[in-house]
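The residues making up each chain are set out below.
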Amino acid sequence: GQQLNQSPQSMFIQEGEDVSMNCTSSSIFNTWLWYKQDPGEGPVLLIALYKAGELTSNGRLTAQFGITRKDSFLNISASIPSDVGIYFCAGPSGNTGKLIFGQGTTLQVKP
Amino acid sequence: DGGITQSPKYLFRKEGQNVTLSCEQNLNHDAMYWYRQDPGQGLRLIYYSQIVNDFQKGDIAEGYSVSREKKESFPLTVTSAQKNPTAFYLCASSSQGGGTYGYTFGSGTRLTVV
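These protein sequence lines map, in sequence, to chains A and B.
If you're matching positions, the first sequence starts at 680 in the working numbering and goes up one per residue.
If you're matching positions, the second sequence starts at 62 in the working numbering and goes up one per residue.
For the record, the hints were derived by calculation from the structure and aren't laboratory data.
Keep in mind it's a predicted model, so treat the numbers as computed, not measured.
Backbone N, C-alpha and C define an ideal beta-carbon position, used for all residues, glycine too.
Heads up, some of the hints might be wrong.
Said to hold, decoys possible - Taking lysine-lysine and the DSS-like style, the derived pairs with C-alpha atoms no more than 27 angstroms apart in a straight line are: (1) Lys132/B - Lys777/A; (2) Lys777/A - Lys70/B; (3) Lys70/B - Lys144/B; (4) Lys132/B - Lys118/B; (5) Lys789/A - Lys777/A; (6) Lys70/B - Lys118/B; (7) Lys777/A - Lys730/A; (8) Lys70/B - Lys131/B; (9) Lys131/B - Lys118/B; (10) Lys144/B - Lys75/B; (11) Lys777/A - Lys131/B; (12) Lys75/B - Lys777/A.
Unchecked claim - Here are some chain A residues the structure puts well away from chain B; computed CB gaps all over 12 angstroms: (13) Gln693; (14) Asp697; (15) Thr703; (16) Gly738; (17) Arg739; (18) Leu740; (19) Thr741; (20) Gly745; (21) Thr747; (22) Arg748; (23) Lys749; (24) Asp750; (25) Val788.
Isolated chain B, as found in the complex (with noise of 0.2 angstroms):
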């Protein structure tokens, strides 16, 4: 079955580190893209990226980066010049037309500050 996979479920990091969230789509989409959700609030964008080889910042990119090296994958990297990031990441992935036809999103990953 085709599917959009998060991982790991749960993450804890020690201040001062950084750490990777891993994002791997089988569904041949062209775009994907990472939100933050903190609790009870609605989902803001990190980066995205439309096309292998290239990605964009969202609204709150600072202290993170991403890659795409590959369609099928878009790793998050949560540095330590993120203040804040305990929080509920997700990943979502779209065919050009995502727009329109809407985005599949991962079953996310919670990180935790210890």
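The shape of chain A in the complex, shown without the other chains (with noise of 0.2 angstroms):
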């Protein structure tokens, strides 16, 4: 079935540091979207892409549908402390309505 695939799994960086993180699939997406959750907080969506080579900015996040529709990228520029948690990837599960998550990259971000 569908999987998505993200890396790097985890990620300690220092504060002011720019972040990237990917998200890959063997299965074409028409859609990519990118949650964030704080710790002991449900997720919150961050960045919806809709359309191949898109590149979508949120503030300090920017997010890229890859042109081959198999991968999206997510930076976060100058990182903060609050920029800790856990950032999924996620995409819509054929015509099911559904969504298919990705295992998340963990980002700390010392002080």
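With the hints as a guide, bring the two chains together.
Here it is, written out as structure tokens:
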């Protein structure tokens, strides 16, 4: 079945550094979604991408819909301590209306 | 404000007891979902419902049960048959286009078996 693979699994960075993470699949996706989960809370939608090659920003976050439609990237510039959490990518599972989620990238930021 | 509410935030259960987790939404969403999250792990789908009075098993339904009698509510019961119930449980909802526009998640219930 469809699967989303996120890398890296975890990152430990210094405050102020830029962060890059990605999500790949063997299947084509028409939508890519990026969520952030704060510790002890539910995931919150950060960015939605609907077109191959699309580049969308939300503050210090920038996400890209890969041209092959099999991958997506999330970048965080000038990280701050509140960026700590788990970042999930997600995409639609065929025509079921359901989402498939990646396993997440855990980000820790050292002040 | 519209949203999705899970209660309680923390729940303790004795072994052998059933316990029910509440999930209520006022977003007028048709679909609702329950996920389980273990420490350092991703999200695993337990049950989902795309319409009132209908629901389907997800990937890890054994030891859990649900009902969907109202559009707004999708309670999850963790039964004594669930061998390892300690986890963080997340409820989510979406419009019928959930695969395109995404889910709205609740803030979760942390269940601990004591």
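Status of the hints after comparison with the structure:
As the CA atoms of lysine 132/B and lysine 777/A are separated by approximately 18 angstroms, the hinted pair is consistent with the 27 angstroms bound. At roughly 25 angstroms between alpha-carbon atoms, lysine 777/A and lysine 70/B fall within 27 angstroms of each other, so this suggested pair holds. A hinted pair counts as satisfied when its Cα atoms are at most 27 angstroms apart, and lysine 70/B with lysine 144/B qualifies at roughly 21 angstroms. A hinted pair counts as satisfied when its Cα atoms are at most 27 angstroms apart, and lysine 132/B with lysine 118/B qualifies at roughly 18 angstroms.
Between lysine 789/A and lysine 777/A, the direct Cα distance comes to roughly 36 angstroms. Violation of the 27 angstroms bound is thereby established for this hinted pair. The hinted pair formed by lysine 70/B and lysine 118/B meets the criterion: a straight-line CA distance of about 24 angstroms does not exceed 27 angstroms. Distance hint between lysine 777/A and lysine 730/A is fulfilled; the C-alpha atoms sit about 19 angstroms from each other, no more than 27 angstroms. With a CA separation close to 22 angstroms, the supplied pair lysine 70/B and lysine 131/B stays within the 27 angstroms bound.
Distance hint between lysine 131/B and lysine 118/B is fulfilled; the C-alpha atoms sit about 18 angstroms from each other, no more than 27 angstroms. A distance of roughly 12 angstroms separates the Cα atoms of lysine 144/B and lysine 75/B; the hinted pair therefore holds under the 27 angstroms criterion. In summary, the hint linking lysine 777/A to lysine 131/B is supported, as the alpha carbons are separated by about 20 angstroms, within the 27 angstroms threshold. Between lysine 75/B and lysine 777/A, the direct Cα distance comes to roughly 33 angstroms. Violation of the 27 angstroms bound is thereby established for this hinted pair.
Every Cβ of chain B is farther than 12 angstroms from the Cβ of glutamine 693/A; the closest lies at roughly 22 angstroms, confirming the non-interface assignment. Consistency note on aspartate 697/A: stated as away from chain B, and its beta-carbon is indeed over 12 angstroms from all of that chain's, at 24 angstroms minimum. No Cβ of chain B approaches the Cβ of threonine 703/A within 12 angstroms, the least distance being about 15 angstroms, so the stated non-interface status holds. Residue-level check passed: glycine 738/A sits 18 angstroms from the nearest beta carbon of chain B, beyond 12 angstroms.
Its beta-carbon lying about 21 angstroms from the closest one in chain B, arginine 739/A satisfies the requirement of being farther than 12 angstroms from that chain. No beta-carbon of chain B comes within 12 angstroms of the beta-carbon of leucine 740/A; the shortest separation is about 15 angstroms. Every Cβ of chain B is farther than 12 angstroms from the Cβ of threonine 741/A; the closest lies at roughly 18 angstroms, confirming the non-interface assignment. Non-interface call for glycine 745/A relative to chain B: holds, since the shortest CB-CB distance, roughly 18 angstroms, exceeds 12 angstroms.
The Cβ of threonine 747/A sits about 20 angstroms from the closest Cβ of chain B, beyond the 12 angstroms cut-off, so the non-interface label holds. With a closest Cβ-Cβ approach of about 14 angstroms to chain B, arginine 748/A is found to remain outside the 12 angstroms limit, as its non-interface label requires. With a minimum CB-CB distance of about 17 angstroms to chain B, lysine 749/A clears the 12 angstroms threshold, and the non-interface call stands. With a least beta-carbon separation of about 18 angstroms from chain B, aspartate 750/A lies farther than 12 angstroms from that chain, consistent with its non-interface assignment.
Every beta carbon of chain B lies more than 12 angstroms from that of valine 788/A, the smallest distance being close to 17 angstroms; the non-interface claim holds.
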